[in-house]
Amino acid sequence: MGHVVRDVAFRARISRQQVRPSGLLVVTVVTLILWAGLAMLIIRAI
Numbered sequence: 001m002g003h004v005v006r007d008v009a010f011r012a013r014i015s016r017q018q019v020r021p022s023g024l025l026v027v028t029v030v031t032l033i034l035w036a037g038l039a040m041l042i043i044r045a046i
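Residue 1 is where the sequence shown starts when you use our numbering, and the numbers rise one by one after that.
Be careful, since some hints might not be right.
[As the list claims (entries may be wrong)] Distance ranges between label pairs, derived from CB positions:
#: 1; residue 1: Ser-22; residue 2: Ala-45; range: 31 to 39 Å
#: 2; residue 1: His-3; residue 2: Thr-28; range: 14 to 22 Å
#: 3; residue 1: Gly-23; residue 2: Ala-45; range: 18 to 26 Å
#: 4; residue 1: Met-40; residue 2: Phe-10; range: 35 to 43 Å
#: 5; residue 1: Arg-11; residue 2: Leu-38; range: 15 to 23 Å
Derived by calculation from the structure, the hints in this document are not laboratory data.
Positions of the beta carbon are idealized from the N, C-alpha and C atoms, including for glycine.
Build out the structure end to end from the sequences listed, making use of the hints.
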């Protein structure tokens with residue numbers, strides 16, 4: 001799980017350099033976190 005977090009952080013760093021509006025980055029990160037939490041809940045439920 002740690003490598004996934006590192007990969008997301010790496011991509012976020014890259015996109016922050018390319019795209020200036022930080023609001024879009026925040027929305028993307030929050031969405032990724034929500035989807036990750038949802039996936040973990042589903043995996044645990046199975």
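Hint check:
1. At about 34 Å, the beta-carbon gap between Ser-22 and Ala-45 stays in the expected band of 31 to 39 Å.
2. Evaluation of the 14 to 22 Å hint for His-3 and Thr-28 yields a pass: the beta carbon distance comes to about 19 Å.
3. Between Gly-23 and Ala-45 the Cβ separation comes to about 33 Å, which falls outside the hinted range of 18 to 26 Å.
4. A hinted range of 35 to 43 Å for the beta carbons of Met-40 and Phe-10 is inconsistent with their spacing of about 21 Å.
5. One distance hint, 15 to 23 Å for the beta-carbon pair Arg-11 and Leu-38, holds here, with the actual separation near 19 Å.
Hints 3 and 4 from the list above are not met by this structure, while the remaining hints are.
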